[in-house]
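Taking the hints into account, I'd like the entire structure generated from these sequences.
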Amino acid sequence: MAKITYITHDNQKHEVEVQNGLTVMEGAVQNDIPGIDADCGGGMACATCHVYVKEDWFNKIPKKEDGEEDMLDMAFEPKTNSRLSCQIVVSDEIDGLEVNIPSKQA
Amino acid sequence: MIKTDALIIGAGPTGLFTAHQLKLIGLSCEVVDNLDKIGGQCIELYPDKPIYDIPAVPECTGEELTNNLINQLKPFDIKFHLSERVEEVQKENDNWLVKTNNGTSFSTPNVIIAGGVGSFEPRKFSPKECEKFENKSLFYSVKDKKIFTGKTVSIFGGGDSALDWAVELSKECSVNLIHRRDEFRGAQATIDKVHQLAKDRKINLYTQYQMASVKGDKNLESIDIKHDNNKIKNLKTDYVLGFFGLIMQLGPIANWGLNIDKKTIAVDTEKFETNQKGIYAVGDICNYPGKLKLILSGFHEGALAARACFKLARPNEKYRFEFTTSSKTIKERLGVKGD
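Residue numbers (our numbering), protein chains in the order written: chain A, 2 to 107; chain B, 26 to 364.
It should be emphasised that the hints constitute simulated quantities derived from the structure, not laboratory data. A few of these clues could be false.
Unchecked claim - Cross-link-like lysine-lysine pairs, in silico, DSS-like; alpha carbons within 25 angstroms at most:
1. B:Lys-157 <-> A:Lys-105
2. B:Lys-161 <-> B:Lys-288
3. B:Lys-171 <-> B:Lys-161
4. B:Lys-318 <-> B:Lys-74
5. B:Lys-251 <-> A:Lys-65
6. A:Lys-80 <-> B:Lys-251
This is the structure in structure tokens:
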């Protein structure tokens, strides 16, 4: 289990416990956290689960694999700390992770 | 006005197999899709990605699956209306009157929505004021490249569309190519060509930049682009092109009086009918307890919805269940010899 804080665009904090092995995207969808669309269901094919990862965490979590950066080209307002939340797998190591959700996904 | 026993919205795998099922039981059908090609998400999002959970097909790509489904429809004459989006669905006596954005209209007792997550639309620039110039001097696709001759065109994006147009338009116009990072995704040959053209000063390359704002009163005059280090650069430009791929939008489906929750439509599990009689939803877009967003589930849902269509299309006939292995009627429809 890891505690993950999702911060929506209007600065609402949603703190949830997410099971290890799920993705940060699934953690959001299962807990009805607004702003993560995840249209393709985790296939890294749509860029609608885009989040911003706080700088200190960004370097700690596993790096992007091939293809994620390509998809981020299509995301809404990507920044240097952008990630697709379907590609961040939850584990004890990311307990306490904070992600910001953009104002919209497209 | 086209009269048909059933109209399918969406030419993805579920829509295609539903068409097969309708034709097999002797009903006519037509298919509308907003994309310019058949295949839906399989062809637009993952043509090359292997799929491993289609029954009896150990492995196939999205493109192969689509081609196989199209082949399976070969015995039948089915009209596809591509690059058309269904805008309106209205009740007219016992039928549904369906209109597309191209002005095609259908009259049918059965509408089957096999729309996936909605229709594919171009992803747009984030600054709000970009809308003001959309389809005038700011475009998400190129219809007539002649309008750009001799002008300055600013192209955004890092994929094949952006690169191809940058190369092509650099012959007749002054081209700015703007991308959010240094790496491009696209055919290596095209990437090399772009870098060569940039070296020869035929293309002005701005990487690690994104659109910040568009300027101009009546006509577009210039754009501000913002570097990752927050510095703003102003570029004079006559036209802007954005190539950020496609996104799925529920679109007009939301206005047809259906029970929609989280972009999916509630249906029963007997007919896959919505809260409106004669409107069904199958595949990823439908929702019911236990729903799985699998292609195989879409096939099952389409098969049942097709049988439900029979009742409304042939109110005076009784539907008789038959197997393709033994039914003479079905073999005739398939154009295969009986034994």
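These are the hints, each one checked on the structure:
For the given pair, Lys-157 (chain B) sits about 20 angstroms from Lys-105 (chain A) by alpha-carbon distance, which is consistent with the 25 angstroms threshold. Restraint check for Lys-161 (chain B) and Lys-288 (chain B): the C-alpha separation of about 31 angstroms exceeds 25 angstroms, so the hint is violated. Distance check on the hinted pair: Lys-171 (chain B) and Lys-161 (chain B) sit about 14 angstroms apart at the alpha-carbon level, within 25 angstroms; holds. Pair hint Lys-318 (chain B) plus Lys-74 (chain B) holds up; C-alpha atoms about 17 angstroms apart against a cutoff of 25 angstroms.
For the suggested pair Lys-251 (chain B) and Lys-65 (chain A), the alpha carbons sit about 24 angstroms apart, so the restraint of at most 25 angstroms is met. With a C-alpha separation of about 11 angstroms, the suggested pair Lys-80 (chain A) and Lys-251 (chain B) falls inside the 25 angstroms cut-off, and the hint holds.
Of the hints listed earlier, the one the structure fails to meet is number 2.
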